[in-house]
Amino acid sequence: MIRLLQIEFIKLWNNRTSKILIISYFVLLTSIALVAAIKFDIGPVKFHLAEQGIFNFPYIWHFNSFVAAIFKLFLAIVIVSMMANEYSNKTIKQNLIDGLSKKEFILSKFLTVVSFALISTVFVFIVSLVLGLLYSDYNEIAIIFSDLEFILAFFVKLVGFFSFCLFLGILVKRSAFALGFLILWLILEQLVFGLLGWKVMSWETANQIKNFFPLESMSNLIKEPFTRLGAVKTVADQIGEKLSLDYHVQWYEILVVLVWTAVFVYFSYALLKRRDL
Amino acid sequence: MQTILSVNNLTKKFGALTAVKDLSFQIEKGNVYGILGPNGSGKSTTLGIVLNVVNRTSGTFSWFDGATSTHDALKKVGAIIERPNFYPYMTAVQNLKLVCKIKEVSDDKVEEKLELVGLLERKDSKFRTYSLGMKQRLAIASALLNDPEILILDEPTNGLDPQGIHQIREIIKKIASQGTTILLASHLLDEVEKVCSHVVILRKGEKLYSGRVDGMLASHGFFELKTSQEEALLKYLQGNASFGEIKVESGLITAFLREEMKAEDLNKALFEKEILLSHLVKRKESLEEQFLTLTKTQTN
Numbered sequence: 001m002i003r004l005l006q007i008e009f010i011k012l013w014n015n016r017t018s019k020i021l022i023i024s025y026f027v028l029l030t031s032i033a034l035v036a037a038i039k040f041d042i043g044p045v046k047f048h049l050a051e052q053g054i055f056n057f058p059y060i061w062h063f064n065s066f067v068a069a070i071f072k073l074f075l076a077i078v079i080v081s082m083m084a085n086e087y088s089n090k091t092i093k094q095n096l097i098d099g100l101s102k103k104e105f106i107l108s109k110f111l112t113v114v115s116f117a118l119i120s121t122v123f124v125f126i127v128s129l130v131l132g133l134l135y136s137d138y139n140e141i142a143i144i145f146s147d148l149e150f151i152l153a154f155f156v157k158l159v160g161f162f163s164f165c166l167f168l169g170i171l172v173k174r175s176a177f178a179l180g181f182l183i184l185w186l187i188l189e190q191l192v193f194g195l196l197g198w199k200v201m202s203w204e205t206a207n208q209i210k211n212f213f214p215l216e217s218m219s220n221l222i223k224e225p226f227t228r229l230g231a232v233k234t235v236a237d238q239i240g241e242k243l244s245l246d247y248h249v250q251w252y253e254i255l256v257v258l259v260w261t262a263v264f265v266y267f268s269y270a271l272l273k274r275r276d277l
Numbered sequence: 001m002q003t004i005l006s007v008n009n010l011t012k013k014f015g016a017l018t019a020v021k022d023l024s025f026q027i028e029k030g031n032v033y034g035i036l037g038p039n040g041s042g043k044s045t046t047l048g049i050v051l052n053v054v055n056r057t058s059g060t061f062s063w064f065d066g067a068t069s070t071h072d073a074l075k076k077v078g079a080i081i082e083r084p085n086f087y088p089y090m091t092a093v094q095n096l097k098l099v100c101k102i103k104e105v106s107d108d109k110v111e112e113k114l115e116l117v118g119l120l121e122r123k124d125s126k127f128r129t130y131s132l133g134m135k136q137r138l139a140i141a142s143a144l145l146n147d148p149e150i151l152i153l154d155e156p157t158n159g160l161d162p163q164g165i166h167q168i169r170e171i172i173k174k175i176a177s178q179g180t181t182i183l184l185a186s187h188l189l190d191e192v193e194k195v196c197s198h199v200v201i202l203r204k205g206e207k208l209y210s211g212r213v214d215g216m217l218a219s220h221g222f223f224e225l226k227t228s229q230e231e232a233l234l235k236y237l238q239g240n241a242s243f244g245e246i247k248v249e250s251g252l253i254t255a256f257l258r259e260e261m262k263a264e265d266l267n268k269a270l271f272e273k274e275i276l277l278s279h280l281v282k283r284k285e286s287l288e289e290q291f292l293t294l295t296k297t298q299t300n
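These protein sequence lines are chains P and U, in that order.
Here the first sequence is numbered in UniProt numbering, starting from 1 and rising by one per residue.
Here the second sequence is numbered in UniProt numbering, starting from 1 and rising by one per residue.
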């Protein structure tokens with residue numbers, strides 16, 4: 001296992017583009033902390049974002065894991081191209097001839113993806129913990145470590161999304177087209193949802209079905225945290241709008257994403273096995 | 001003799017096209033083998049199948065008597081297929097170290113192999129800056145990293161200039177002289193003749209000939225003879241200047257001709273010497289001509 005990871009590491013780290021993208025991704029993850037510095041001080045209006053409660057435990061787990069997930073696109077580029085480049089350089093053929101089995105090849109890519117997700121998760125956990133300790137109004141241990149399921153959801157979400165990228169890389173074999181396909185797929189999911197709700201069934205059922213689509217199920221894992229903010233709630237109450245969204249991560253939502261992950265990894269392998277190189 | 005690779009009734013179809021048809025042959029340790037055939041005769045496909053990158057339609061193959069799985073066996077094999085494939089953004093040394101990781105061998109031979117192919121001065125240049133000849137030599141170095149039991153080369157001199165061709169051939173000869181088994185696929189008769197001791201000839205995926213190179217190139221044909229008076233016959237054949245190499249295999253005597261001779265004449269001469277034959281066949285081996293006409297009809 002270590003050997004497979006080392007192989008991928010050599011391939012990635014010696015590629016300047018990948019290296020720059022990976023580094024920028026982690027810099028961006030850390031830069032969430034900069035949100036704390038947002039301060040408006042225009043005469044009577046004093047606004048300090050850090051004091052609006054976004055860094056309060058346990059809300060911060062939700063907020064940060066949601067925001068951090070936006071940056072995953074950077075790694076998506078790295079992952080799609082690390083797969084597609086093996087095809088365009090024909091190095092996949094050489095790897096197999098040199099004695100890597102097809103299973104090992106897919107496993108080495110999947111392990112890399114899991115490592116990316118794991119490192120990101122640890123990163124987000126640490127950044128959130130530090131920010132929270134600095135700015136949170138509540139500092140009881142029990143509160144700090146409550147709602148940690150958002151961090152788990154973040155990890156599962158990344159693994160799922162990156163596995164999808166991996167699959168697209170193998171399927172399409174060209175990084176630019178694979179990324180295009182990713183966007184196409186995103187639109188397609190919304191289109192199918194729209195069609196279902198409009199013509200076939202009620203919007204409610206369509207909404208439920210939508211949550212089983214691959215990309216939708218991933219984004220549905222961590223729901224938007226903004227309407228949970230105290231300030232937003234106050235405003236909503238004032239205009240008489242009731243916000244009753246269940247923010248929590250449900251176990252079956254995690255299961256759906258895990259199933260998709262397994263499907264993508266399996267199909268990547270099946271595709272590679274069937275193909276003549 | 002140890003069998004390194006045996007291929008049994010291998011068939012590969014690409015849709016309606018049959019690229020390899022019921023092919024069988026064996027590779028024994030210590031020989032230099034050539035797979036000869038015009039472009040599109042199934043050479044690369046056959047190698048692709050035994051190297052695990054092309055799926056077979058039917059038939060079997062086994063490495064080292066089937067004792068290990070194919071991908072583990074490939075760690076003891078060095079192979080170059082068509083074009084040298086490396087990571088363009090990595091240097092020669094980085095690429096070779098990666099191959100060492102894949103083959104699970106230590107990387108202390110990297111410099112030694114680079115020196116063997118004459119690339120030591122350029123070891124820290126990126127692969128994409130190499131000329132085709134250098135790329136091909138790097139591929140050979142990479143294939144040799146694990147001191148393989150067998151080296152497989154698919155058209156190693158394709159697209160190279162005369163100097164590059166010469167360099168590659170010298171390297172191959174050097175490796176062969178060290179006792180490494182080599183399997184060389186080529187459409188150049190001359191190349192196979194110069195380097196190989198055994199040859200398998202393919203046409204449209206079918207095997208035309210397999211055996212020793214010198215057997216293939218006999219142009220006057222040969223007699224296959226059987227008799228109960230073996231000693232007397234051998235004595236006669238050896239004393240006759242018309243015959244070159246004579247082989248005896250389980251009672252069947254094969255006598256290669258040095259000059260033209262009719263079967264009737266031999267039969268008559270032997271009868272006069274009171275040697276009676278139970279089996280007399282004259283065969284003509286015109287594989288070389290066959291091969292040349294084949295390559296002529298498919299020049300592009």
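Wrong hints could be hidden among the right ones.
Claimed, not checked - 35 angstroms max Cα-Cα, derived DSBU-like pairs, lysine-lysine:
no., chain 1, residue 1, chain 2, residue 2
1, U, Lys101, U, Lys113
2, U, Lys123, U, Lys103
3, U, Lys101, P, Lys273
4, U, Lys135, P, Lys19
5, U, Lys76, P, Lys273
6, P, Lys90, U, Lys21
7, U, Lys194, U, Lys97
8, U, Lys29, U, Lys226
9, P, Lys173, U, Lys101
10, U, Lys76, P, Lys19
11, U, Lys173, P, Lys90
12, P, Lys19, U, Lys103
13, P, Lys210, P, Lys103
14, U, Lys101, U, Lys13
15, P, Lys210, P, Lys199
16, P, Lys103, U, Lys97
17, U, Lys207, U, Lys75
18, P, Lys273, U, Lys75
19, P, Lys103, U, Lys207
20, U, Lys113, P, Lys90
21, U, Lys109, U, Lys123
22, U, Lys194, U, Lys109
23, U, Lys29, P, Lys103
Just so you know, the hints here were simulated from the structure itself, not pulled from any lab data.
Results of checking the hints against the structure:
no., hint, verdict
1, Lys101(U) - Lys113(U), "holds, 16 angstroms"
2, Lys123(U) - Lys103(U), "holds, 20 angstroms"
3, Lys101(U) - Lys273(P), "holds, 22 angstroms"
4, Lys135(U) - Lys19(P), "holds, 25 angstroms"
5, Lys76(U) - Lys273(P), "holds, 22 angstroms"
6, Lys90(P) - Lys21(U), "holds, 27 angstroms"
7, Lys194(U) - Lys97(U), "holds, 33 angstroms"
8, Lys29(U) - Lys226(U), "holds, 31 angstroms"
9, Lys173(P) - Lys101(U), "holds, 25 angstroms"
10, Lys76(U) - Lys19(P), "holds, 33 angstroms"
11, Lys173(U) - Lys90(P), "holds, 28 angstroms"
12, Lys19(P) - Lys103(U), "holds, 25 angstroms"
13, Lys210(P) - Lys103(P), "holds, 32 angstroms"
14, Lys101(U) - Lys13(U), "holds, 34 angstroms"
15, Lys210(P) - Lys199(P), "holds, 15 angstroms"
16, Lys103(P) - Lys97(U), "holds, 21 angstroms"
17, Lys207(U) - Lys75(U), "holds, 28 angstroms"
18, Lys273(P) - Lys75(U), "holds, 19 angstroms"
19, Lys103(P) - Lys207(U), "holds, 33 angstroms"
20, Lys113(U) - Lys90(P), "holds, 23 angstroms"
21, Lys109(U) - Lys123(U), "holds, 13 angstroms"
22, Lys194(U) - Lys109(U), "holds, 29 angstroms"
23, Lys29(U) - Lys103(P), "holds, 30 angstroms"
Every hint, counting from the list given before, is met by this structure.
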